[in-house]
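Peer 1: Line order of the protein sequences matches chains Y and X.
The opening position of the first sequence corresponds to residue 1 in my numbering, with each subsequent residue numbered one higher.
The opening position of the second sequence corresponds to residue 232 in my numbering, with each subsequent residue numbered one higher.
Hints were generated in silico from the structure; no laboratory data involved.
Be aware that a few hints might be false.
[Said to hold, decoys possible] Pairwise CB distance ranges (calculated): (1) Y/M1 / X/Q834: 50 to 58 Å; (2) Y/P110 / X/F844: 25 to 33 Å; (3) X/R788 / Y/A37: 35 to 43 Å; (4) X/I664 / Y/D9: 23 to 31 Å; (5) X/E640 / Y/A37: 48 to 56 Å; (6) Y/A37 / X/S779: 32 to 40 Å; (7) X/I664 / Y/P110: 27 to 35 Å; (8) X/T662 / Y/D88: 17 to 25 Å.
[To be verified] Each computed DSSO-like pair below joins lysine-lysine, with the alpha-carbon atoms no more than 27 Å apart: (9) Y/K198 / X/K705; (10) Y/K138 / X/K705; (11) X/K821 / X/K786; (12) Y/K121 / Y/K106; (13) X/K340 / Y/K165; (14) Y/K198 / Y/K121; (15) Y/K165 / Y/K138; (16) X/K292 / X/K340; (17) Y/K121 / Y/K165; (18) Y/K138 / X/K786; (19) Y/K106 / Y/K165; (20) X/K786 / X/K705; (21) Y/K106 / X/K705; (22) Y/K106 / Y/K138; (23) Y/K165 / Y/K198.
[Said to hold, decoys possible] If you want the footprint, here are the derived chain Y segments under chain X, 3+ residues with CB under 8 Å: (24) 122 to 134; (25) 173 to 180.
Virtual Cβ for every residue (Gly too), placed ideally from N, Cα, C.
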Amino acid sequence: MWSVLIVEDDPQARDFFAASVAGCAELALLAGVGTVAEACTWLGRAGQPVDVLLVDLGLPDGSGLQVIREARRLHPECEPLVVSMFGDEDNVLASIEAGALGYIHKDSTPENVASTIVEMKQGASPISPMIARRVLSKYLCLHGAGTPPADAAPPANASALPSAKEQEVLELIARGFSYAEAARLMGVSVHTVRTHIKSLYAKLAVHSKSEAVFEAVRLGLLPGYAGRSEP
Amino acid sequence: MACLPACRRLVLWLMAWLAPWLLVAGSAGAQALSLAQARATVQIGGQEQHLDTTLPYAWDKRHRGARGHAQLEMSFTLDALPDEPWLLYFQRLGNAYEVRLNGALLDRKGDLQDFDGDDFGQVPRLISIPVGMLQAQNTLHVSVRADVARRAGVASPVLGLRDDVLPLYEQEYLQRVTGTRVVVVVSLLVGTLALALWWTQVDPTRGIRRDPLYLYAALAEYAWSLRVGDALLVSSPLSRFWWETFFIESIGVWVGAMLLFSALAAGWPGPAARQRMRVAWWWVLALGAPAAAAAQSGRLWVLTAWYALIGLVAVPFIVAYCGAALRRGHAMHRLVALALLLNALVGVHDWLVFRVQVTLGGNTLLRYSSLVFNAVLAYIVLMRFREASAQVRVLISTMGQRIAAREEELRASYERVEQLAREQARESERTRILRDLHDGVGAHISAAMRQLQSGKASSADVLQTLRDSLDQLKLSIDAMHLPDGDVTGLLANLRYRLEPRLSAVGIDLAWDVDLLSPVRRLDAVAMRHLQFMVLESLSNVLQHARASRLRVEAKLRGQAAVIRIEDNGIGFDVVAASHRGLRTLRERAKAIGAILDIRSGDQGSVVEIVVPF
């Protein structure tokens, strides 16, 4: 039984998601709120575990990204899912970097909503070919052709880079293969493919943090870090 | 203007420094013995004449236009005989001479018989008298050769101890020889500088036009150094006749060049008057040579008349020039007028001293006062340089402003063009989206409405139509997000969107899509066309083919990306013109420059879209 907090300002959509969660035996609805402030209040409530956060990005008093970060900070075990419109891969990517581990389309069926949440808790994060190629091109940009110059290297968190296997999964998804096909082509189980994807999600979040640190050091905001970058 | 007080200070300082040096010339050694009386024997053309005379004996004054020899005999007694050597000093002695004391030869310079030969009278003479030569009763014999109009003669000899006589000699030497050397060197240097300026300062915008100001300055300086430097030459480079002619002409050159220089420097008088001046100058120069020749053949008045002619041209000019400078002249005009006036006054002084009095010693002051013109020339050059620099500064700043204005214009026009391009792009984008919405979502919604209105369709049918409509919308948006020419991304995305339909049909899908490099020439519109073509082909299979297997391939073949959609369904009539979907496929293929190959039979159909790079 996983507790779910829904943050969605559109009452109709909120009710739809609430109904979807309520209709699933493995999920328990914690609350459905409509603003960043309310969400943060809920998250700050002590002794109240939040397993799943279902959050819309466009909220009246701020961005859902704030809620995602707050959730990750206060509840490391919490897995945020972002409610996405089709065609806004940029926002999905931003959410993943903020700590989201999946996304749900607004036009999904109720069963889809529930199954996506449950699958995510069981270790499967969805990824569309569009997002896969976004992630790929981002890594290619950052670490591909030109590795960053040695003297400007951020505190290289090797685990924040995708492994060769993870990159292979990304490439196959970007070419349109299903998880099953990708697993067969790689000679691994579907479960492994899913694990790769979920770990990619986590790495994107870590990576975005180390990127932020790197930027901060570069801009001289964190002078103490400059020395630590020495090997 | 700030430099004028500085100039004034400099002039005052120079005068203070020069004054004692020039004034001391008159004083004589107090302890020395000066001989002023002589018995002379003069020989002119075989005629011999004896007379008592006073010294100095200026030949030109006593024997105008003649040449000959003079022997002077001077007696003097000494109370006590000196026990150290004495010095004998002549301010002038020549043109050639022989000096004997008590019959013994003291000094001899030049050939006494060679008339118009080397001239040794140009420099003061100092002769040493050894101890023992002087007696109580002494006779000094001086013989000279005197050429016509060469300032020949014998100055009053001065005898005495070294300390009494040497200063007199050194004083005279400094003024006549060293001073002259300085003037010659300065004049040659300035002249060369002026010539270099004349040669190099070309105005290229008006053809090769050199500034005659510098040329006149150079001519004046060269003529003057020649005129003054003659005093340093014992033997002439040419014969006496030609050298004299040359030498006299150089005076004409100097005066004319200096006056024209002054006129140009002040811009007064105007060009027409300057042209007349030049003509007059040529005439003066043309008459100079005959005048010199006549003077050397004894008719000295011709040369005097020529000098008068120069004076007739120069003096009124200088008077008018100074008058104009006083009335309305600018600073430069007045400065040059001052220099001219100074030189004219010094010239008159020299003329009085040398032509009217005919002294044997001293030297013209004009050689020094003429140096003022060097200062004027330097001032002109400096001013011009300053003006030119100022002009360049103005030019540079104007050019900077112009460039800035031009850049501003360019930027504005670039912005206008950008604006237009943006508007155009927006317009075509809008048109495309509208057409997309109309053909895609719009058509589906219309269909759903018709289904609802007819009342025949089930709600599942209507839901399906609406789902299709949403799919269309998603695909439209995806096509916008895809990078240009990303065929692989397009196929992957299409599969992702169609996944629910594919799994609903339960068809066995074989997916074989390679990672193809982008076909850069395909823009957003072309990508949309391609998406439609693939979607249409897949829809045909799903809706009509009744196939159990579907194979989608994307491969690189030669210089083209090849998309192949193959099924094992019932096939269709490829040539049927009525098949609207097929016609649209062909049109879109044509629009994006792709080759469409459709084959269909009982065993299934193959649609191949070949997109050349």
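Peer 1: Confirm or reject each hint.
Peer 2: Structure-based check of all given hints:
Between Y/M1 and X/Q834 the C-beta distance comes to about 54 Å, which sits within the given range of 50 to 58 Å. Separation of Y/P110 from X/F844 is about 46 Å and departs from the stated range, judged on CB atoms against 25 to 33 Å. X/R788 and Y/A37 have their C-beta atoms about 59 Å apart, which leaves the hinted 35 to 43 Å range violated. At about 27 Å, the beta-carbon gap between X/I664 and Y/D9 stays in the expected band of 23 to 31 Å.
Evaluation of the 48 to 56 Å hint for X/E640 and Y/A37 yields a pass: the beta carbon distance comes to about 53 Å. Distance hint check for Y/A37 and X/S779: the Cβ-Cβ separation is about 56 Å, which falls outside the suggested range of 32 to 40 Å. The hint said 27 to 35 Å for the Cβ distance between X/I664 and Y/P110, and at roughly 31 Å that hint holds. Checked against the given bound of 17 to 25 Å, the beta carbons of X/T662 and Y/D88, roughly 24 Å apart, stay inside it.
With a C-alpha separation of about 25 Å, the suggested pair Y/K198 and X/K705 falls inside the 27 Å cut-off, and the hint holds. For a cut-off of 27 Å, the pair hint linking Y/K138 to X/K705 stands: about 23 Å separates their Cα positions. For the hint pairing X/K821 with X/K786, the CA-to-CA distance comes to about 20 Å; that is within 27 Å, so the pair holds. Of the pairs offered as hints, the one joining Y/K121 and Y/K106 holds, with about 20 Å between alpha carbons and a cut-off of 27 Å not exceeded.
For the suggested pair X/K340 and Y/K165, the alpha carbons sit about 117 Å apart, so the restraint of at most 27 Å is broken. The hinted pair formed by Y/K198 and Y/K121 meets the criterion: a straight-line CA distance of about 10 Å does not exceed 27 Å. Taking the CA atoms of Y/K165 and Y/K138, the gap is about 17 Å. The hint holds against a cut of 27 Å. A hinted pair counts as satisfied when its Cα atoms are at most 27 Å apart, and X/K292 with X/K340 qualifies at roughly 23 Å.
A hinted pair counts as satisfied when its Cα atoms are at most 27 Å apart, and Y/K121 with Y/K165 qualifies at roughly 22 Å. At roughly 25 Å between alpha-carbon atoms, Y/K138 and X/K786 fall within 27 Å of each other, so this suggested pair holds. Taking the CA atoms of Y/K106 and Y/K165, the gap is about 31 Å. The hint is violated against a cut of 27 Å. Proximity of X/K786 to X/K705 is assessed by CA-CA distance (about 26 Å); at most 27 Å being required, the pair is judged to hold.
In summary, the hint linking Y/K106 to X/K705 is supported, as the alpha carbons are separated by about 12 Å, within the 27 Å threshold. Restraint check: the Cα-Cα separation between Y/K106 and Y/K138 comes to about 26 Å, which is no more than 27 Å; the hinted pair holds. With a CA separation close to 13 Å, the supplied pair Y/K165 and Y/K198 stays within the 27 Å bound. For the segment 122 to 134 of chain Y, the stated coverage by chain X holds: 4 residues have a C-beta nearer than 8 Å to a C-beta of that chain, and at least 3 were required.
For the segment 173 to 180 of chain Y, the assignment as covered by chain X holds, since 6 residues bring a beta-carbon within under 8 Å of that chain's beta-carbons and 3 suffice.
Comparing the model with each numbered hint stated earlier shows that hints 2, 3, 6, 13 and 19 do not hold.
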